[in-house]
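Novice: Chain residues, written in single-letter form:
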Amino acid sequence: AQKVTQAQTEISVVEKEDVTLDCVYETRDTTYYLFWYKQPPSGELVFLIRRNSFDEQNEISGRYSWNFQKSTSSFNFTITASQVVDSAVYFCALSEARAMNRDDKIIFGKGTRLHILP
Amino acid sequence: EAGVAQSPRYKIIEKRQSVAFWCNPISGHATLYWYQQILGQGPKLLIQFQNNGVVDDSQLPKDRFSAERLKGVDSTLKIQPAKLEDSAVYLCASSFGTPLVEQFFGPGTRLTVL
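For the record, the sequence lines run as chains A and B. So the first sequence is residues 1 to 118, counted in this note's numbering. So the second sequence is residues 119 to 232, counted in this note's numbering.
Incorrect hints may appear among the rest.
Straight-line distance between alpha carbons at most 25 Å, and here's what the computed SDA-like set of lysine to any residue pairs gives [claimed, not checked]:
| # | chain 1 | residue 1 | chain 2 | residue 2 |
| --- | --- | --- | --- | --- |
| 1 | A | K105 | A | T72 |
| 2 | A | K70 | A | S53 |
| 3 | A | K105 | B | P179 |
| 4 | B | K162 | A | A88 |
| 5 | B | K162 | A | Q2 |
| 6 | A | K38 | B | G146 |
| 7 | B | K162 | A | P40 |
| 8 | B | K162 | A | D22 |
Derived from the structure by calculation, the hints contain no laboratory data.
Please model the entire structure based on the sequences and the hints provided.
Specialist: See the structure below:
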């Protein structure tokens, strides 16, 4: 069975500090996809990144970076030089891929609430 | 491009009453999802449609929840009768294809059952 664990329930940092959000996953499949979504106070989840299990390259997008390590089943998310607008709940998610079948579904972690203090 | 629309944004009802939520996905998105997000939890998939057919409703409490997507576009989710534990945010999302691609979420409907 698939499972996503975000052990950090809530994090507070001062603006401009770097912060890392942890995500540990469990799956029996060798082919799977990992996601990060952001949920700002408005409530709409916003897609940030998707990574498949065969691509362990780290990714950087502006102030955001992601570290995928299959050896530790982790897919951590780092925000560099945090800003107040980064305050939100961040969800890590996992989907096991069965040849891109339409019935694949995403399992979300419980989320990490991030507070960026001015 | 217009996003996923949901209404109402907020709803307060008493237990045993009925309630319905509406979702209009992004134009051209064949796949539509309804999620339940209880406070402090991640979204949990209730039902997934591919066009107007149900792909997955394994986590939908079918004794009280129902959903339909007539004509493969708009969708409604109904709860009848509501229980206290149904208090949650109900999120609608859509995507071009499978859940392995980016899903676009609506703002959600916050339901409070008293």
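Novice: Verify the proposed pairing of K162 (chain B) with P40 (chain A), using a straight-line Cα cut of 25 Å.
Specialist: The hint holds at about 18 Å.
Novice: Tell me if the straight-line CA distance from K105 (chain A) to P179 (chain B) falls inside 25 Å.
Specialist: holds (17 Å)
Novice: Just to be careful, I want the Cα atoms of K105 (chain A) and T72 (chain A) compared with a cutoff of 25 Å; is the pair within it?
Specialist: Since the Cα atoms of K105 (chain A) and T72 (chain A) sit roughly 23 Å apart, the hinted pair holds (cutoff 25 Å).
Novice: Need the status of pair K162 (chain B), D22 (chain A): alpha-carbon distance at most 25 Å?
Specialist: Satisfied, since the Cα-Cα distance of roughly 20 Å is no more than 25 Å.
Novice: Quick one, are K162 (chain B) and Q2 (chain A) close enough, alpha carbons at most 25 Å?
Specialist: holds (13 Å)
Novice: Quickly compare the C-alpha distance for K38 (chain A) and G146 (chain B) to 25 Å and report which way the hint goes.
Specialist: It holds: about 24 Å lies between the C-alpha atoms, which stays within 25 Å.
Novice: Does the alpha-carbon distance linking K70 (chain A) and S53 (chain A) stay inside the 25 Å limit?
Specialist: Roughly 8 Å separates the two Cα atoms, so the pair holds.
Novice: Does the structure keep K162 (chain B) and A88 (chain A) at a Cα separation of 25 Å or less?
Specialist: holds (19 Å)
Hint violations for this structure: none, all hints satisfied.
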